[in-house]
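Chain Y: place on chain G using the hints.
Residue numbers (my numbering), protein chains in the order written: chain G, 1 to 500; chain Y, 501 to 913.
Honestly, I wouldn't trust all of these hints.
[Unchecked claim] In silico SDA-like links for lysine to any residue, alpha-carbon gap of 20 Å or less:
no.	chain 1	residue 1	chain 2	residue 2
1	G	LYS111	Y	LEU717
2	G	LYS64	Y	VAL723
3	G	LYS32	Y	ASP665
4	G	LYS68	Y	PHE638
5	G	LYS393	G	GLU186
6	G	LYS86	Y	GLU764
7	G	LYS64	Y	LEU717
8	G	LYS64	Y	LYS570
9	G	LYS64	Y	ASP634
10	Y	LYS707	G	GLU102
11	G	LYS9	Y	PHE638
12	G	LYS9	Y	PHE645
13	G	LYS152	G	ASP467
14	Y	LYS770	G	GLY285
15	Y	LYS570	G	MET1
16	Y	LYS770	G	GLY85
17	G	LYS64	Y	ILE632
18	G	LYS86	Y	THR762
19	G	LYS463	G	LYS53
20	G	LYS111	Y	TYR666
21	G	LYS53	Y	THR762
22	G	LYS68	Y	LYS631
23	G	LYS9	Y	THR762
24	G	LYS111	Y	ILE632
25	G	LYS68	Y	SER765
26	G	LYS64	Y	PRO587
27	G	LYS111	Y	LYS631
[Said to hold, decoys possible] Short derived list, chain Y residues pointing at chain G, Cβ under 10 Å:
no.	residue
28	THR626
29	SER630
30	GLU644
31	ASP646
32	SER647
33	PHE649
34	THR650
35	MET659
36	ARG716
37	SER759
38	LEU774
Keep in mind that the hints were calculated from the coordinates and are not lab data.
The model shown is predicted, which means the values in this text are computed figures rather than measured ones.
Glycine residues also receive a C-beta, built at the ideal position from the N, C-alpha and C atoms.
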Amino acid sequence: MSEPITRRKILVNYRIQASRCADCGRTYFPPKSLCNNEGRRSRMNFVDYFYDKGTLASGSAIRKPTNKFLHVGSFMSAIVSFDDGKIRIPGRITDYVLPEEELDVTQFIGKGVIPRFRRLYTDGPQGLIYYSSLNFSFEDDYYPYQKYVKVKSSNVSELPGITGYGIYLPKFRIKSEDESSLGVRERTVPFVDEDATTFAVEAGKRALIHAGIDSRYVKKCFVGSESAPYAVKPSMSTVCQVLQLGEEYDGGFFSGGIDSQFACKAATDLFIDAAALVAYPTFGGEYVMVIGSDNSQAERNDPLDFTVGAGAAAFIFGKRDVIATLDYYVPYTSDTSDFYRREGQKYPRHGGRFTGEPAYFKHVVTAMKTALRLSGLTPKDFRFVVCHSPNAKFPYLAALEAGFQKDQIEPGLVVRYVGNLYSGSSPAALAAVLDIANPGDRILMTSYGSGAGSESYIFTVKKEIEDKRERSIPIRHQIENSHKKYVDYNTYRKWKEIGA
Amino acid sequence: MGIKASWEVKPHVAIIGAGRTAFGEQWYKDPEKLMMDAGVSAVESVDLGLGRRDIQACYFGSFLYQTTNKLGLVSGHMARELGINIPMNTTEAACASGGSAFYNACIAIKSGMYDVVLVGGFEKMTDRSSKIVDDLMFAADPYEFDSGFTFPGLYASMMARYIHDYGFGDQRCIEALAQIACKNHHHAVNNEYAQYRRDITVQDVLKSPLIADPIRLLHCSPVSDGAAAVILTKPELAKKYTDTPIYVIASQQATDDISLYTRESMTGIKATRLAVGKALGEAGISIEDIEIAEVHDCFTIEEAMFLEDSGYYENGKAWKGIYESYESFKGSKHIPYIKDGKELIVNSGGGLKADGHPVGATGIRQIHECFIQLRGKAGKNQVDKDLNLALCHNIGGTGGIATVHILVRDIHE
Numbered sequence: 001m002s003e004p005i006t007r008r009k010i011l012v013n014y015r016i017q018a019s020r021c022a023d024c025g026r027t028y029f030p031p032k033s034l035c036n037n038e039g040r041r042s043r044m045n046f047v048d049y050f051y052d053k054g055t056l057a058s059g060s061a062i063r064k065p066t067n068k069f070l071h072v073g074s075f076m077s078a079i080v081s082f083d084d085g086k087i088r089i090p091g092r093i094t095d096y097v098l099p100e101e102e103l104d105v106t107q108f109i110g111k112g113v114i115p116r117f118r119r120l121y122t123d124g125p126q127g128l129i130y131y132s133s134l135n136f137s138f139e140d141d142y143y144p145y146q147k148y149v150k151v152k153s154s155n156v157s158e159l160p161g162i163t164g165y166g167i168y169l170p171k172f173r174i175k176s177e178d179e180s181s182l183g184v185r186e187r188t189v190p191f192v193d194e195d196a197t198t199f200a201v202e203a204g205k206r207a208l209i210h211a212g213i214d215s216r217y218v219k220k221c222f223v224g225s226e227s228a229p230y231a232v233k234p235s236m237s238t239v240c241q242v243l244q245l246g247e248e249y250d251g252g253f254f255s256g257g258i259d260s261q262f263a264c265k266a267a268t269d270l271f272i273d274a275a276a277l278v279a280y281p282t283f284g285g286e287y288v289m290v291i292g293s294d295n296s297q298a299e300r301n302d303p304l305d306f307t308v309g310a311g312a313a314a315f316i317f318g319k320r321d322v323i324a325t326l327d328y329y330v331p332y333t334s335d336t337s338d339f340y341r342r343e344g345q346k347y348p349r350h351g352g353r354f355t356g357e358p359a360y361f362k363h364v365v366t367a368m369k370t371a372l373r374l375s376g377l378t379p380k381d382f383r384f385v386v387c388h389s390p391n392a393k394f395p396y397l398a399a400l401e402a403g404f405q406k407d408q409i410e411p412g413l414v415v416r417y418v419g420n421l422y423s424g425s426s427p428a429a430l431a432a433v434l435d436i437a438n439p440g441d442r443i444l445m446t447s448y449g450s451g452a453g454s455e456s457y458i459f460t461v462k463k464e465i466e467d468k469r470e471r472s473i474p475i476r477h478q479i480e481n482s483h484k485k486y487v488d489y490n491t492y493r494k495w496k497e498i499g500a
Numbered sequence: 501m502g503i504k505a506s507w508e509v510k511p512h513v514a515i516i517g518a519g520r521t522a523f524g525e526q527w528y529k530d531p532e533k534l535m536m537d538a539g540v541s542a543v544e545s546v547d548l549g550l551g552r553r554d555i556q557a558c559y560f561g562s563f564l565y566q567t568t569n570k571l572g573l574v575s576g577h578m579a580r581e582l583g584i585n586i587p588m589n590t591t592e593a594a595c596a597s598g599g600s601a602f603y604n605a606c607i608a609i610k611s612g613m614y615d616v617v618l619v620g621g622f623e624k625m626t627d628r629s630s631k632i633v634d635d636l637m638f639a640a641d642p643y644e645f646d647s648g649f650t651f652p653g654l655y656a657s658m659m660a661r662y663i664h665d666y667g668f669g670d671q672r673c674i675e676a677l678a679q680i681a682c683k684n685h686h687h688a689v690n691n692e693y694a695q696y697r698r699d700i701t702v703q704d705v706l707k708s709p710l711i712a713d714p715i716r717l718l719h720c721s722p723v724s725d726g727a728a729a730v731i732l733t734k735p736e737l738a739k740k741y742t743d744t745p746i747y748v749i750a751s752q753q754a755t756d757d758i759s760l761y762t763r764e765s766m767t768g769i770k771a772t773r774l775a776v777g778k779a780l781g782e783a784g785i786s787i788e789d790i791e792i793a794e795v796h797d798c799f800t801i802e803e804a805m806f807l808e809d810s811g812y813y814e815n816g817k818a819w820k821g822i823y824e825s826y827e828s829f830k831g832s833k834h835i836p837y838i839k840d841g842k843e844l845i846v847n848s849g850g851g852l853k854a855d856g857h858p859v860g861a862t863g864i865r866q867i868h869e870c871f872i873q874l875r876g877k878a879g880k881n882q883v884d885k886d887l888n889l890a891l892c893h894n895i896g897g898t899g900g901i902a903t904v905h906i907l908v909r910d911i912h913e
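Only chain G is shown next, with the shape it has when bound in the complex (with noise of 0.2 Å):
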């Protein structure tokens, strides 16, 4: 392809984009100009089915696939209908691996399928790295499907919080085989298709619809990540183009924000910023979403490749109908070389002896500590807390060292289950909480990033938590669910990198 061709598809793929005749209704995908029933009178609106629900019309198992998709391997391509069968569009079924053996495609028929976002082929290592919507998971599958319905608000908080949070852990999985997991019993895979941007847009698909608000609403985004798919090309502008954050003007949005870097804490550390911007009357939006992705990145045999996941979160702040406020922030750092990768290298390394002691243990405790004192509180003040997750083991320690119970620390501790997300790591932690708090719980989150520093957060749980909750995919819902699949090591290892 290229980049002008891409440029062009991205306003229809990115969307599932069609065009509808305003006076017969007729739709069309890929959109057209003008209606076959009405001809040059026609006056075409756009529709788009992104937050839809599919059925699968025909497919078959392309076992000789073309050389674009030679990384997917054999897969099974379908002709959706959407719109009780007003229009069909083509699309690719993932998360799906084939039988080797003949498959029957007419059980496949009027089944529901789901759009996911996900990788199609790239240019070469030099070349772009296309993506799409036009691929479909099973309804019935390991992701159930959601209505995006935007609530109106009701309550204006006058502390800044969380209004929404979006969690997406892959439908693959991993399990643990050795002592060497610190504690992590399975950790999640990537399917073939998918990347740090492929998850943050999961992620924030999710926490749009669990916080029931408009996009346009979202006017600055932040991807924090150590494993974006372009050294220089943010995935914030892909994440804003797919979910259309900001007004929409001329195939662009009004809104902004930035792909960011600190290690596992590239995410956490822009938490209090997004309160702040909500909070800030120049800033004139109403909320800032904050995504942690990962593909987390580790190399063959290196300690971490037996602890690593993948996945994301998303968090929204704003002022309306928060389901939490944050009410402290201590943030720690210092220059600490635990963990590092220089630019054009594959993989990063560890620094001496460092990580942990001075590193993760020295920050991830000053910081919570510090903001116990500064915040008046104690550990009995606190229904959970979490830290950032390399292992299991890691975060319990920290978490007893500053004086917490087991009864605090075990709900947040799903590294044993996804395994470390990096930058989704203590988002993830602080989504699994939220899944179960209630109203008035209060939750101590340190972020810890290498490099190094950690940030304390303290948030109150608020009424609204409750309202919400049915539009929310809990974090158990997807570490315990029944289609959840486990891949062999090497089948981890390719699955990855090529999302690398």
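Structure of chain Y alone, referenced to chain G:
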């Protein structure tokens, strides 16, 4: 049998010569050389003689020459090969490039502008074997490409839907779609030009490697190199060149969306339906009058769909007709489809499946096959009956274009 008594349609075009190359892997021939070989054999086939300089214009059909062969401006290549500087035009209509070139050439003769034209179709697909699956997708919609579809995958979607809607779990439906390949392979055994001159069984088809489920390798036409050419003239001049010209009494083309997913039906080809309907109307005959048909069996499902799109069998019932015809066949050479006791022989030379499918050449190869069959010049592969009416059906992409031509030997003078 043959043309109805009331038939008063005057033929517009006469075919006076036809030639072709063998189809298959032609490693040592450039595409323009293949075209030249077919052209020379067409010229030499003209019984009473035709000089190269009698040709007043050429119409070529080819699909992937720019991508696969890194060639452009076919006219310039062919002017150099032929050593003549006459008007030449090239038509690209994917797999219907040949049929569409023929359609354009018929218009040229009918217009009165030329007395003699050469129509050629060629394709050399083996130049980029590792990329041909991608290249063929130029005949599909980019959104289909981006969905991971391949050409077999798109036809497999039609086949799956056909089996779902009309097969009702009956194994005979699956077998019928394999029998088409067996029949066409059987027809190619005596065709000296064919790529695959061997019989295959239903079990061979159903055990061949999966390509795009439910399509297996032996449901598919092959990747081929080859060329074919025919010489056209005005009917009133035909007898100057041969005592047995073959007349074109209908020449039609219809189009439809490039994308399978936007079409009205996934179990039929609208462009075929329209072109066949118009062609039968033009000739003033019905589909039952046709004795041999060259049908675009790029995948076996397409031949089954043609039998329904043309009205030969009712919608959803072709597989039963195919199955019963195949099972009841007791002869040795050509396996006809039977309806109400009448026979229709489809793809007498093996069709795209066994004769081979060098994309741009196919539409002209079909004319060549009917030309030799109607004239009784098909040698060992000659159909064992006196034939007079033939139909050629060539489609492009997954049905974005279709051409239908009806040929006749005996006309009312």
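Hint check results:
1. Proposed proximity of G/LYS111 and Y/LEU717 is contradicted: the alpha carbons are some 27 Å apart, above 20 Å.
2. Of the supplied pair hints, the one linking G/LYS64 and Y/VAL723 holds, its CA atoms being roughly 14 Å apart against a limit of 20 Å.
3. With a C-alpha separation of about 30 Å, the suggested pair G/LYS32 and Y/ASP665 falls outside the 20 Å cut-off, and the hint is violated.
4. With a C-alpha separation of about 13 Å, the suggested pairing of G/LYS68 with Y/PHE638 holds against the 20 Å cut-off.
5. About 14 Å separates the Cα atoms of G/LYS393 and G/GLU186, which keeps this hinted pair within 20 Å; it holds.
6. For the given pair, G/LYS86 sits about 11 Å from Y/GLU764 by alpha-carbon distance, which is consistent with the 20 Å threshold.
7. Annotation: proposed proximity of G/LYS64 to Y/LEU717 holds, straight-line Cα distance about 10 Å (limit 20 Å).
8. Restraint check for G/LYS64 and Y/LYS570: the C-alpha separation of about 24 Å exceeds 20 Å, so the hint is violated.
9. Annotation: proposed proximity of G/LYS64 to Y/ASP634 holds, straight-line Cα distance about 11 Å (limit 20 Å).
10. Between the alpha carbons of Y/LYS707 and G/GLU102 the distance comes to roughly 10 Å, so the proposed pair stays at or under 20 Å and holds.
11. A threshold of 20 Å between alpha carbons decides the hint, and for G/LYS9 with Y/PHE638 the separation of about 17 Å falls inside it, so the pair holds.
12. Distance restraint check for G/LYS9 and Y/PHE645: the Cα-Cα separation of roughly 13 Å lies within the 20 Å cut-off, and the hinted pair is therefore satisfied.
13. Using a Cα cut-off of 20 Å, the hinted pair G/LYS152 and G/ASP467 holds, with the two alpha carbons roughly 12 Å apart.
14. About 52 Å separates the Cα atoms of Y/LYS770 and G/GLY285, which puts this hinted pair outside 20 Å; it is violated.
15. Under the criterion of a C-alpha separation no larger than 20 Å, the hint pairing Y/LYS570 with G/MET1 is consistent with the structure, at around 18 Å.
16. Of the supplied pair hints, the one linking Y/LYS770 and G/GLY85 holds, its CA atoms being roughly 19 Å apart against a limit of 20 Å.
17. Our distance criterion of 20 Å between C-alpha atoms is met by G/LYS64 and Y/ILE632, whose separation comes to about 11 Å.
18. Annotation: proposed proximity of G/LYS86 to Y/THR762 holds, straight-line Cα distance about 10 Å (limit 20 Å).
19. Restraint check: the Cα-Cα separation between G/LYS463 and G/LYS53 comes to about 31 Å, which exceeds 20 Å; the hinted pair is violated.
20. Taken as a hint, the G/LYS111 and Y/TYR666 pair is honoured in the structure, with Cα atoms around 19 Å apart against an allowance of 20 Å.
21. Simply put, G/LYS53 and Y/THR762 have alpha-carbon atoms about 18 Å apart, close enough for the 20 Å limit, and the pair holds.
22. Restraint check for G/LYS68 and Y/LYS631: the C-alpha separation of about 10 Å stays at or below 20 Å, so the hint holds.
23. Proximity of G/LYS9 to Y/THR762 is assessed by CA-CA distance (about 18 Å); at most 20 Å being required, the pair is judged to hold.
24. Restraint check for G/LYS111 and Y/ILE632: the C-alpha separation of about 32 Å exceeds 20 Å, so the hint is violated.
25. For the hint pairing G/LYS68 with Y/SER765, the CA-to-CA distance comes to about 28 Å; that exceeds 20 Å, so the pair is violated.
26. Between G/LYS64 and Y/PRO587 the CA atoms are separated by roughly 41 Å; this puts the pair beyond 20 Å, and the hint is violated.
27. For the given pair, G/LYS111 sits about 33 Å from Y/LYS631 by alpha-carbon distance, which is inconsistent with the 20 Å threshold.
28. Hint status for Y/THR626: violated, given a least beta-carbon distance of 16 Å to chain G, over 10 Å.
29. Taking 10 Å as the C-beta cut-off, the interface hint given for Y/SER630 holds, the closest approach to chain G being about 7 Å.
30. About 5 Å separates the beta-carbon of Y/GLU644 from the nearest beta-carbon of chain G, less than 10 Å, and the hint is met.
31. At its closest, the beta carbon of Y/ASP646 sits 5 Å from a beta carbon of chain G; the interface hint therefore holds under the 10 Å criterion.
32. Taken as an interface hint, Y/SER647 checks out: its beta carbon lies about 4 Å from the nearest beta carbon of chain G, inside 10 Å.
33. The interface hint given for Y/PHE649 holds, since its Cβ lies 5 Å from the closest Cβ of chain G, which is under the 10 Å cut-off.
34. With its C-beta approaching chain G no nearer than about 6 Å, Y/THR650 sits inside the 10 Å limit, and its interface hint holds.
35. Interface restraint check: Y/MET659 against chain G, minimum CB-CB distance 8 Å, threshold 10 Å, status holds.
36. Below 10 Å, beta-carbon pairs count as interface contacts, and Y/ARG716 has one with chain G at about 8 Å; its hint therefore holds.
37. A cut of 10 Å between beta carbons decides the hint on Y/SER759: the least distance to chain G is about 7 Å, and the hint holds.
38. Given hint, Y/LEU774 at the interface with chain G, is violated; its Cβ is 15 Å from that chain's nearest Cβ, farther than 10 Å.
When each numbered hint is compared with the structure, violations occur for hints 1, 3, 8, 14, 19, 24, 25, 26, 27, 28, 38.
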